[in-house]
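Assemble the whole structure, with the sequences as input and the hints as a guide.
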Amino acid sequence: MSLFYNTLYYFQKRGFEVCGRIAERLGIRARVVRTSFIYLTFVTLGFGFALYLFMAFWLRIKDLIYTKRTSVFDL
Numbered sequence: 001m002s003l004f005y006n007t008l009y010y011f012q013k014r015g016f017e018v019c020g021r022i023a024e025r026l027g028i029r030a031r032v033v034r035t036s037f038i039y040l041t042f043v044t045l046g047f048g049f050a051l052y053l054f055m056a057f058w059l060r061i062k063d064l065i066y067t068k069r070t071s072v073f074d075l
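Okay, so the sequence shown: first residue is 1 according to the UniProt record's numbering, each after it adds one.
It should be emphasised that the hints constitute simulated quantities derived from the structure, not laboratory data.
Here the structure is a predicted model, which means the values were calculated and not measured.
Even glycine gets a Cβ: it sits at the ideal position worked out from N, Cα and C.
The hints are all genuine.
Per label pair, the in silico range of CB-to-CB distance:
#1 14 <-> 67: 17 to 27 angstroms
#2 65 <-> 3: 33 to 43 angstroms
#3 31 <-> 10: 18 to 28 angstroms
#4 49 <-> 29: 16 to 26 angstroms
#5 73 <-> 7: 36 to 46 angstroms
#6 66 <-> 3: 28 to 38 angstroms
Encoded structure:
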């Protein structure tokens with residue numbers, strides 16, 4: 001059972017932070033976004049989960065392309 005909780009803790013701390021970033025962008029709580037994804041997943045039989053993974057992938061690619069540099073010499 002400890003392996004389950006360690007895995008759960010790992011994904012909570014070092015996850016893709018998709019819900020948090022969407023909530024920050026929209027100006028709402030991350031909890032509302034998470035519950036919306038959960039309801040969307042149950043209602044559409046997995047589409048919400050697929051959407052979540054797509055957005056996590058897209059945010060990761062965006063972060064790799066658009067990195068914030070403080071100076072020209074950071075290249």
